[in-house]
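**Student:** Chains as they are written, first to last, in my numbering: chain A, 87 to 430; chain B, 87 to 430; chain C, 87 to 430; chain D, 87 to 430.
One or more hints might be untrue.
What the hints assert, rightly or not - Per the computed footprint, the stretches of chain C lying under chain B, defined by three or more beta-carbons under 8 angstroms from a beta-carbon of chain B, are:
1) 179-187
2) 227-237
Claimed, not checked - If you want a taste of the chain B side facing chain A, the calculated C-beta under 10 angstroms gives, among others:
3) T260
4) F289
5) A349
6) L352
Treat the hints as calculated values from the structure; they're not laboratory data. Glycine included, C-beta positions come from ideal geometry on N, C-alpha and C.
Number of protein chains: 4
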Amino acid sequence: MSPRGWIPTKGMPGGSVDPVGAAAYRPPALRSPRNPDFVRKTVTLANGLQIGGDAFVVAAGPCAVETRELLLASAEAVAAAGAGMLRGGAFKPRTSPRSFQGLGEPGLALLTEASAATGLPIVTEVMDPRDVPVVATHASVLQIGSRNMQNFPLLREVGRQARPVLLKRGAAATIEELLAAADYILQEGNENVILCERGVRGFDPQTRYLLDLCAVPVLRQRTPLPIFVDPSHGTGDASLVAPMAKAALAAGADGLLIEVHAAPELALCDGKQALRPADFAELATELRRLAPLYGKRWSRVPREVSWRTGPSAPGSAVREGGDGNGRGLGRSSPGPFDDEVMAP
Amino acid sequence: MSPRGWIPTKGMPGGSVDPVGAAAYRPPALRSPRNPDFVRKTVTLANGLQIGGDAFVVAAGPCAVETRELLLASAEAVAAAGAGMLRGGAFKPRTSPRSFQGLGEPGLALLTEASAATGLPIVTEVMDPRDVPVVATHASVLQIGSRNMQNFPLLREVGRQARPVLLKRGAAATIEELLAAADYILQEGNENVILCERGVRGFDPQTRYLLDLCAVPVLRQRTPLPIFVDPSHGTGDASLVAPMAKAALAAGADGLLIEVHAAPELALCDGKQALRPADFAELATELRRLAPLYGKRWSRVPREVSWRTGPSAPGSAVREGGDGNGRGLGRSSPGPFDDEVMAP
Amino acid sequence: MSPRGWIPTKGMPGGSVDPVGAAAYRPPALRSPRNPDFVRKTVTLANGLQIGGDAFVVAAGPCAVETRELLLASAEAVAAAGAGMLRGGAFKPRTSPRSFQGLGEPGLALLTEASAATGLPIVTEVMDPRDVPVVATHASVLQIGSRNMQNFPLLREVGRQARPVLLKRGAAATIEELLAAADYILQEGNENVILCERGVRGFDPQTRYLLDLCAVPVLRQRTPLPIFVDPSHGTGDASLVAPMAKAALAAGADGLLIEVHAAPELALCDGKQALRPADFAELATELRRLAPLYGKRWSRVPREVSWRTGPSAPGSAVREGGDGNGRGLGRSSPGPFDDEVMAP
Amino acid sequence: MSPRGWIPTKGMPGGSVDPVGAAAYRPPALRSPRNPDFVRKTVTLANGLQIGGDAFVVAAGPCAVETRELLLASAEAVAAAGAGMLRGGAFKPRTSPRSFQGLGEPGLALLTEASAATGLPIVTEVMDPRDVPVVATHASVLQIGSRNMQNFPLLREVGRQARPVLLKRGAAATIEELLAAADYILQEGNENVILCERGVRGFDPQTRYLLDLCAVPVLRQRTPLPIFVDPSHGTGDASLVAPMAKAALAAGADGLLIEVHAAPELALCDGKQALRPADFAELATELRRLAPLYGKRWSRVPREVSWRTGPSAPGSAVREGGDGNGRGLGRSSPGPFDDEVMAP
């Protein structure tokens, strides 16, 4: 199946109103996974990492890139625990202009260094359409944050890049609106979109947001795109991350975005929700044990596999000998992990 | 630990304002499961069924008691699939007075008959304080519905019964408010309270309610009471029940309330969210396989164990030779189930 | 028009499912005020006070009846300021059982005394169906609180009384659900229902609830029943009551429920949102000046008109010489008010 | 008072974390209008139009610029009815990429033509930081839409322009977050910010959004900036615009944004919520009659006053002989309006 198949033509006849409506981007054949034509979309990164399908990927790392030392420490920790990607923000969307705004381009350089050191591909946020090219030279996956889910110029810009995009659901966005936002990226020709539930606004001050895990099965019925969950922002509380991460896996998620910080008490941003490396390692171990019960294989590419930096079209990405989840190469160089089912 | 220990005195000195505030019902020693004094509360029904602790219980059945035939068919189906309790409403809180309102007392009699036939204890809703005594003669667990979470005269009335109470969270209730509502029951001396998350109001019409699974780990940090989840009302859509049921288990729930109807297309109430017996059996099989991965034992009492009807103080309930999850007796009369881990 | 005309038959043929659906209580002819058959419902109390139509009524008083002295002081203050009814709770629905629960029946007796002293009819909450008869002997209007909007046995009970009912919208209730709840009362034969918007759950901790003033024009399009607004509970903050009271009038409300306390700092309940008498007097003066601009007449019955206590069917209520808004008798004994337009 | 006074220094000492928190942009002296130092901010446009203070301004026009004929017809209609500004979108943020996206720059040229024809200043949305300069050459007020309230690069860009900014509240934004977003603009040196409530996400499908009118008095207590309300987007229904517009005035708003379309049935965007010219004229007449009751003067500059196009710093704007609300010049050339109180 060409994913392009479920993306109708970009222009509208006559150039004005949509004659088909927002539902058009999901032809009937693809609306249900029970349909024989339905194929789940997989996204493959330049280093061979598979996202979607039967892969389960955990992207972990600090909320923000702060210092070289802290970033490398966090990156090594999450790599050692089995994360498949490194997350971390160089450009930070902060509620107040008086809060730490991220390091900007120097932060991107640090991420590239951490990626080289650990072999982990980078997922990092881009907020400004003018920054998209520079972020795309450093990142393997371009993240669109919750506040920018309906920043349409930005969506169009990342839609023109040869980089997968992780699109976070807005805190007040319906599922329909999330799918329509993804459509902005798809329409520009970028078919490698990963959706991410990260909590919606709720009325209970008990948690920072209300993590809508039901979005996972709903999205699975509505779109072939891979679906991630961010239990860190979705709860705002490190003590709630592990149960919600496990619940996300059970609900059918294809991966997680988890904040891990080498020293949460020093974090300039969202330290309250960051896991310590040891807690993350414990959670990762549990998730790896559980994933096969839900038909998922833990997906990562060990650091022995050289990661190709620089822009390369995701469409041309090759798996470089592995099977996309580290098994081909992993067998010959397994490192500390065995991604088979562990006895409970 | 006497659960009474965490219930302060009922009256206030002077009889007027609360000098301590709503937080008083959770003395510091019990606020965190990490505290060495913390003990999770278990509720044991008259037939020996254990709820809470390491037990995992599924209560299943139709939304409403409609006809004798449909009820018995549903009850037999859920018993055969391994449910631990039979749910079903004789008094139905319906948005409109023009909708089916339930059979009332004749419905209770049918529930008792279904209980006798299957050995399953009954959990059924009571809406009117004047009906509490009659419902208590038929039900093993008194259910307080979402709309009545803050019906304080009703809470007080069930607080005076020798019957466990399943208290559903209101659709706009905070966790604080749910705990304060439970306190109305506890204050009357009834310590056998089971809390139930069943979805809060959300803004997305995609689902009927927004199932707040994060309430499970939050409640686990705040109270020793057992915590159930109702994925049927929480989603309003049968196709979403299975993933959310599994996610609830993974999030740490002690049990589930699931709507199962022998013929959903004939249901007078909420047929859209009811599972068919075969789908429920498949889900139950999955849950039984998964429960041990989360430290839970599938809890039910096979029908060979006679179920004692009539009023009996839950406090005096005995486990009658079994270990509360059917293993003691289950071994000698296992029926079709083996509650050990199944190979994945 | 007989209001009974828009209430279909009570039972359903066959006694089971609703063949017409929740929309049935609004026959097409009444759906729009533009329809020539449409007539706005007015409710007339035993003392002649008119509610609805072109009348604008302010019910004011303390959240809870606390002491005789405080209640009488508050009652005299709101009467002097021109309130048309006295509000005050004897039975209080409190989130926690450890908070002040109201004085109960002795509180009702104090309300009756305050009513006799001021000539103001009483609107007070009833929470328990078993208390309805006793509350109805003291109250002119039975209030159903927000938490009980879907307490259906209670709705049915007040539907059988010869007393108007003020029905508050639940904090998570849609307009449809509010109308369906009102239908429970109407179905029992009580046509004198006043709806009240009092704030829904919002996500912003800035205010206690989110006052949905748009409910007023929406309800005006959907039902002929009078519509009140409670800006005190709706905001939870005395400093926001005046602007929201004025906005409610401008949005088309038929009346207000305002908390006024002789000494808010001593209040056992919700003191933060209570106006002081002087602030209420100022607001009342403003509202009386503004009401005619919105086609409303300030409605109250001066204390010279004896108020008949005891049960009397609202249907048999007479206006006793006045024109329902105090003008007939008011002319001969105007007191300090002139309910004509004041020059701006 | 220099508004700059309440904007702390832009950078943080040490360049990292905010030592004071989000509250810093409101020094204690300005937190309450009761403080003697408190002065409400007024924004004066290049044509002399005053916004804020005792002025009440209505910006009206179509949701989107569609054709020259429709735009001019709408503009003439709203000018004739007394609107103070012309609203209309050339760049439209649409949920789906398959909907009409606006005319872009040609739309801006049409707005400039409509402005020249009517004398009305233009308020129009800018979505892309790269478009800010071109939009600023056409618009008198730069609008930041709800979806972009936390598009921080865009906020910074408009903060660097010599043009007032109308900042709409996000559908899930708290008041705190709205103020912090405004701070991004203020920090760049642009002190001419107008806040706009336009509805937040609610759970009731009855209206498109839930218009939070209480945001008006809350904001008045928190900030000296002028506050507008958009009852068109806030309700999504033309039949609800008039009552909510009047309620907004009563709640203390400084102005309104109202969608008016010469032919709503032909609108490519949001026709359901657009008023017809005749309905707008009726509403405008009512609002002009009511405004003085709330201490407001209807503010507009008649077309006889030449409107200076092209970039000009708002700070250097002159009132050109009028008193900012059209009275100085209006007296000599009043047009059809008399902005004094009309008899009710």
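**Student:** Could you run down the list of hints and mark each one as holding or not?
**Tutor:** Tested hints:
With a cut-off of 8 angstroms between beta carbons, the region 179-187 of chain C has 8 residues touching chain B; three or more are needed, and the interface restraint holds. Interface restraint, the region 227-237 of chain C with chain B: holds (4 residues with C-beta to C-beta distance below 8 angstroms; minimum three). With 10 angstroms as the threshold, the beta carbon of T260(B) comes within range of chain A, its nearest partner Cβ sitting at about 4 angstroms, so the hint holds. Given hint, F289(B) at the interface with chain A, holds; its Cβ is 7 angstroms from that chain's nearest Cβ, closer than 10 angstroms.
Of the supplied interface hints, the one on A349(B) is violated, with its beta-carbon coming no nearer than about 22 angstroms to a beta-carbon of chain A, more than 10 angstroms. For L352(B), the suggested interface contact is broken, since its CB lies about 24 angstroms from the closest CB of chain A, more than 10 angstroms.
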